[in-house]
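Novice: Sequence:
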Amino acid sequence: MREGARPIALAPLVRAAPADAPFLPFLPQVATSPGLRWLRQALRSRILERGAQERAAAGSRLGDGAREGALPASGLQRRLPQGIIIGVRKGGTRALLEMLALHPQVAAARAEVHFFNREENYRRGLGWYCQQMPLSRPGQLTMEKTPGYFSSPGAPERIRAMDPAVRLLLIVRDPVERLVSDYTQILHNRRARRKPYPPLERLLLRGDQGLNTRFKAIQRSLYALQLARWLAVFPSAHIHVVDGGGLIREPLPELRRVEQFLGLVPSLGPNNFYFNQTKGFYCLRAGARQRCLDESKGRPHPPIAEQLLEQLCTYFSAHNEHFFSLVGRTFNWC
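First residue of the sequence shown: 1, per full-length UniProt numbering; consecutive thereafter.
FYI, nobody ran anything at the bench for these hints, they're computed from the structure. If you're wondering where the values come from, they're calculated on a predicted model, not measured in any experiment. C-beta atoms are modelled at their ideal positions from N, C-alpha and C, and glycine is treated no differently. Hints may contain errors.
Derived CB-CB ranges, DEER-like [stated by the list, open to error]:
1) Asn276 to Ser325: 33 to 39 Å
2) Arg79 to Gln311: 34 to 40 Å
3) Arg158 to Thr314: 33 to 39 Å
4) Lys279 to Leu80: 45 to 51 Å
5) Asn271 to Arg191: 35 to 41 Å
Dumping the calculated SDA-like pairs for lysine to any residue here, alpha-carbon to alpha-carbon at most 25 Å [stated by the list, open to error]:
6) Lys279 to His301
7) Lys279 to Pro303
8) Lys216 to Ala228
9) Lys279 to Arg191
10) Lys216 to Leu326
11) Lys279 to Gly246
12) Lys216 to Asp182
13) Lys216 to Pro199
Let the hints inform the model, and build the full structure from the sequences given.
Specialist: So this is what it looks like as structure tokens:
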């Protein structure tokens, strides 16, 4: 310092943030010139906007990622679903949701929410339910899938109380195939936890008394009995039935019907799907990104004796005919 010069007091460049200031990593609260304060505010806005965009993209790993940047980020918020896939368990609900998530007008919840069929979740209220939904833009259709809704006695009334105009998708498959797939899933889960599970035939038969029709996997395949509960609450025009077998063999015809039912602009096309010879089913494509459904899809099923298969087909026959009459459509089952 020059002799006789007066010392200058320097204010600290960094000071503590106010208690109500948002935490922004790598962005200190700087007390300095108006120009730098403006820059700080601009950076804060950019970080918050980027976070909203990333959360929206996380809502649908492939579908939203394919259209990133195609729609503006403004108006992002969580909305109650306007469409719900209600079942059936092991009927193809995950495949249907993943395919619909490719559509630019669909924002799909990634996890099964189990709001309307589990008391502990339903007691949390619609505010909690809404928070489980993905961020969506105005004009997008929010969707979730929980196959447990279809067999839940209280779910139809609860869903109608939320929104009587909601659109419901029900995807079904051959009831015997669904039953075996259901058993296979439970067997896999039990083995993963090192827990025993009886062979399928032991669960299906009651000694020499015939089929054990109280077996849950059989009960879940009685589509007509469960659909009757829904038709007592919703008009048939609000429930669209998807052929699960057809969706796997040839996705586009079924998806075209779903687009029309949901009021979506036709968008899905042949370029969104490709057949994987190794897995034996269609996989998904969005732009340069492609992937198949998780490893549980296409899992080998245990063999079933021909005589037992005939017993099951005979048992389900009358129930299937009743279901066909309810939905006005027939399926090539058994």
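Novice: Each hint: holds or not?
Specialist: Hint check:
no. : hint                         : verdict
1   : Asn276 to Ser325: 33 to 39 Å : 37 Å, holds
2   : Arg79 to Gln311: 34 to 40 Å  : 47 Å, violated
3   : Arg158 to Thr314: 33 to 39 Å : 36 Å, holds
4   : Lys279 to Leu80: 45 to 51 Å  : 35 Å, violated
5   : Asn271 to Arg191: 35 to 41 Å : 39 Å, holds
6   : Lys279 to His301             : 14 Å, holds
7   : Lys279 to Pro303             : 19 Å, holds
8   : Lys216 to Ala228             : 18 Å, holds
9   : Lys279 to Arg191             : 23 Å, holds
10  : Lys216 to Leu326             : 23 Å, holds
11  : Lys279 to Gly246             : 17 Å, holds
12  : Lys216 to Asp182             : 10 Å, holds
13  : Lys216 to Pro199             : 15 Å, holds
Violated hints, listed in ascending order, are 2 and 4; each of the other numbered hints is respected by the structure.
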